[in-house]
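**Q** Under the working numbering, the residues of the sequence shown are numbered 590 to 803, in order.
In short, the hints are calculated from the structure, not lab data.
Computed from a prediction, not measured in an experiment: that's the story for all the values here.
Keep in mind that a hint or two might mislead.
As the list claims (entries may be wrong) - Only pairs whose alpha carbons sit at most 25 Å apart, straight line, appear in this in silico DSS-like list of lysine-lysine: (1) Lys-659 with Lys-617; (2) Lys-770 with Lys-660; (3) Lys-770 with Lys-659; (4) Lys-770 with Lys-617; (5) Lys-617 with Lys-692.
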Amino acid sequence: MTPTGLHETGGSIASDVYSNSIYGFSIKIPPGWVVLPSREPKVATQDAALLKAAQISRPLLVITENAPLKKSNQRKNIQIIATRMRAASGPTAAQDYLAYSQKTVKEKGMDVEYLGDPQEVTVNGQTLWKLASNEPSNGVVQHVEQYVITHESILLQFFLVSPDEAGLKQLEPSIQSLEFKATAPKTVTKGSAKKTKATPPSNSKTQSSDSKPQ
């Protein structure tokens, strides 16, 4: 069996809950999904160059639906990436990171469609910044929701990825289950950015930035 590398990055899975002892959080994962072996992630939002130039990133979890008859880019997946910034992050680092990603993608003419600006969301009392996008992957448009939160010099990114919008909705309960320990990272609103409270989606479907739609 190919090692998943979960323990090397502080991760473990029990009763469909992924927990990380190093970064102090837990999140529910869809039952029956498959953990992919640890490897250099394909970055959603095509930020790989940006990340590698300024920070050190490592994949904590890459998990995909157990659908062997589907191609990899036709399966829903969830990715979690930890990025150690070169300097301690400020209170608006998560929002700034997403805004900078948007700017970089636009300047480089990358084939990514951002659906609006970063939005502040609240999940179990924690503030995260969310950015949605559509990205092509081998002929299939991937629908991506990227959630970012920072703590000191660590930036955590959670990606929900699906080949269709319905599947993305099905993955949102996972991000709603995200919980941090008492020392959880928090961020502060910057400027007049929109603030929304994440609410459980109605029944409907679900790789950072060092990961990309598979």
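**Q** Run every hint past the structure and note whether it holds.
**A** Hints and how they fare:
no. : hint                 : in the structure
1   : Lys-659 with Lys-617 : holds, 23 Å
2   : Lys-770 with Lys-660 : violated, 37 Å
3   : Lys-770 with Lys-659 : violated, 37 Å
4   : Lys-770 with Lys-617 : holds, 15 Å
5   : Lys-617 with Lys-692 : violated, 32 Å
The structure fails to meet hints 2, 3 and 5 from the earlier list, while all remaining hints are met.
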